[in-house]
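A.B. asks: We have chain A; now place chain B onto it with these hints.
Residue numbers (this note's numbering), protein chains in the order written: chain A, 107 to 305; chain B, 65 to 370.
Errors might be hidden in some of the hints.
Stated by the list, open to error - Here are some chain B residues pointing at chain A (derived, C-beta under 10 Å):
1. Gly-213
2. Gly-287
3. Ala-293
4. Asp-318
It should be emphasised that the hints constitute simulated quantities derived from the structure, not laboratory data.
Here the structure is a predicted model, which is why all the values come from computation and not from measurement.
Each residue gets a CB set at the ideal place from its N, CA and C atoms; glycine is no exception.
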Amino acid sequence: MTKELDCRGLACPAPVLQTKEALEKEHPKVIKVVVDNEASRQNVSRFMESQNLEVTVLQEGPDFHVTGRIGKNAATEAPVEKKPDTEHKKIMVMVANDCMGHGDDELGEKLMMSFLKTLKEMGEELWRLVFVNNGVKLTIADSNILPVIQELEKEGVHILVCGTCLTHFNLLDKKQVGETTNMLDIVTAMQLADKVINI
Amino acid sequence: MGLDRADDAGVYRVTDDIAIIQTVDFFTPIVDDPYWFGQSAAANAWSDVYAMGGVPKTAMNLVAFPLKDMDISVLRQIIQGGLDKMKEAGVVLVGGHSVEDKELKYGLSVTGFIHPDRILTKKDLKQGDCLILTKPLGTGIINTAIKGGLASTEIIEMVTRLMATLNKDAAEIMENYPVHACTDITGFGLLGHIAEMVIDCPFGIRLSSKSIPIIPGTLDYAGMGLVPAGTYNNREFRECMVEFASSVDRITQDVLFDAQTSGGLLICVDNDRADDLLQELKEKGIKDAAIIGEVLGEPKERIIVE
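Next up, chain A with everything else stripped away, as it sits in the complex (with noise of 0.2 Å):
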């Protein structure tokens, strides 16, 4: 089955359009599409190109035929739109000791410090910084590490901070950084990131 299209006359990207809609819809074997200026000839090979098509060109005085065939190596599925790279993992931290790891706790807190300053080398990865338990100390006025994580918050990570730890320590009110919690939050968050990691 040949399916031959049109593209004539058309600026971009109507031809690359057209083309996506008939392979979509049609799914045929070989697809030959007509376009008469070098923008649109280049576009739609790589169209087809990115389909796993196997493309070749022909000029015939001011117009371009590109055909596309689906090859050896082809999916002889409907083309699969590609996810755009925006999409980044979400990776999502829940700290609920104010200390890094158990021994020291002078060690343990330089450690967290440490930790929430590195932190922001996840990139645009880092999608959530849950603060539970004794974790919710760092986010009060008292905390050497609260300005760490007020930068971050800056920098776009939300961060949630659990509000039953905070009603039980009495530290509702001093609270100076992120959005009070439940776990309600906490769970859907969970559930929705690619990845959790626990401190």
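C.D. replies: What follows is chain B alone, placed relative to chain A:
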């Protein structure tokens, strides 16, 4: 300044201390939302003034509007978008002109002030200078994806905001640094504008393609063939001046030629102060800014992309 050297805007000296700087730009809608279109058109119009180190002062609206086919409220929203950007930039609207046309167009003519001794051109680069780009590339390709109905809402919002962002902050920050040359990245694409910098100059430029900021999604859309004709034209015109390393794939090459709307500033700054300038830009909210390359003594009039 004469027309023999390509530059961003026209400059006319009035007294020893004041020159006026004038530029004009208008185009057809790039985003569906009229208010944002107005903002982007305005941000784009005085970008040339910022690139030369000037301060925009007054503006006039240019409007072509299809009265028969479109509700007048659309025009009101466009003008409001333009006005809000004027407020942000401290620019006063002093008039304008409108005609009836089949196709909607909006833009502005802008007049600014500049000190005659402190005009930044594209040409006064020095060997060893670092190049800083203040906005990511890809608006041409993404606008083609938007026209094709293939862009996600997230990307549409991102690119709309980017195009409406003024180069004002970047221009004010660079005033305090030893900046030798500057231009804004628009229709000729990054490589087209760099070509204008090095042509007839005793210098060449090396770019590191991996450090060049690109809007998310751009490479995917370019790979699908959503590249505007203008971008291919830029490539054809300037390809002869560019040497690409084999590691730079064809799609990335096209992004570097992509015709931008309301793109960022390309700042040529003394090597010693480049890191400080970059840090200040980032601290003041210009998060995508990056050092993307350097000025070389040899090969002259060439752009090497690694």
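A.B. asks: Confirm or reject each hint.
C.D. replies: Tested hints:
Hint on B/Gly-213 holds. Least Cβ distance to chain A is approximately 8 Å, under the 10 Å limit. Interface restraint check: B/Gly-287 against chain A, minimum CB-CB distance 5 Å, threshold 10 Å, status holds. With a cut of 10 Å, the hint placing B/Ala-293 at the interface with chain A holds, because the nearest CB-to-CB distance is about 4 Å. Checking B/Asp-318 against chain A: minimum C-beta separation of about 9 Å stays under 10 Å; hint holds.
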